[in-house]
Amino acid sequence: DAKTTQPNSMESNEEEPVHLPCNHSTISGTDYIHWYRQLPSQGPEYVIHGLTSNVNNRMASLAIAEDRKSSTLILHRATLRDAAVYYCILIQGNEKLTFGTGTRLTIIP
Amino acid sequence: EADIYQTPRYLVIGTGKKITLECSQTMGHDKMYWYQQDPGMELHLIHYSYGVNSTEKGDLSSESTVSRIRTEHFPLTLESARPSHTSQYLCASTQGTANTEAFFGQGTRLTVV
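Those protein sequences? They're chains A and B, same order as listed.
Quick note: the first sequence uses my numbering, first residue 1, plus one each step.
Quick note: the second sequence uses my numbering, first residue 1001, plus one each step.
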C-alpha cells in the first residue's frame, strides 16, 4: 500500500489560510489522493479528493504537485470549527480504506 | 447528506454480555467498514465487506465478528464483552471506487464495566 506522511500537528490563526502538507513519494499512477477530517467527538467526514489536477470545492482546495509525490490541502480562511485531525489517504481501485495518524490542526482565536 | 446510521450512540454494559452494534446505510453502497478508535488515537480498521456475504478482517485484530446478509446492514457483534473492548466504534460505507467518497456514521461509544 502506498503510504502518506503528514506533520503530527499544526497551528494556524483564525481567519487566515491554512496549508496542510502531505507527502506520498511512492504514489502510483492510479492512486487517488483523498482528504478526510475528524472533528472532536465525531466520525470522519470527507473533505476533497483528486487524481492529477488541482481541485476546489466549498470546503477546501487540493493542490497536487506535478509529479504527484506531494499534495497540499488548503483551507482558505480558517475558523474555529476547522479545528480537527486531517487525514491524507491514497486509494486505488478496490482497496480498503485505512487511515494514518493525520495532522491535528489547532486554530488560534 | 450522509445516510448512514449507527445505534446505539452510547452503550454501557457489564462484562460477559453479548452486544451487537448496528450500522445501516440507505445509499446502496457495496463497501462497508468498521473501525475502532480510542480517544485521541488512530482509527484502526477491524472489519470490512465488499458486498453481501463478503466479510474480511481488517488490520487490527479484533474479537468482534460481523455479518453482511443485506447490502444496507453491517452489524458488529461481541459475544462476551470485556473492559478491553471499551472504545469508540465507527462504521463507514462507500460506493467502492477510488473516485468516490466514504461516509461515516456518528459512532458508538462502548463502555464495558
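Any given hint could turn out to be false.
Said to hold, decoys possible - Straight-line distance between alpha carbons at most 20 angstroms, and here's what the computed SDA-like set of lysine to any residue pairs gives:
hint	chain 1	residue 1	chain 2	residue 2
1	A	K96	B	D1030
2	B	K1057	A	T98
3	A	K96	B	E1056
4	A	K96	A	H19
5	A	K96	B	S1049
6	A	K96	A	T30
7	A	K96	B	K1057
8	A	K96	B	K1018
9	A	K3	B	T1097
10	A	K96	B	A1098
Quick caveat, the hints were computed from the structure, so don't treat them as lab data.
As the structure is a prediction and not an experimental result, all values here were calculated from the model.
(request) Tell me, in ascending order, the numbers of any earlier hints that this structure violates. (result) When the structure is compared with the hints, numbers 4, 8 turn out to be violated.
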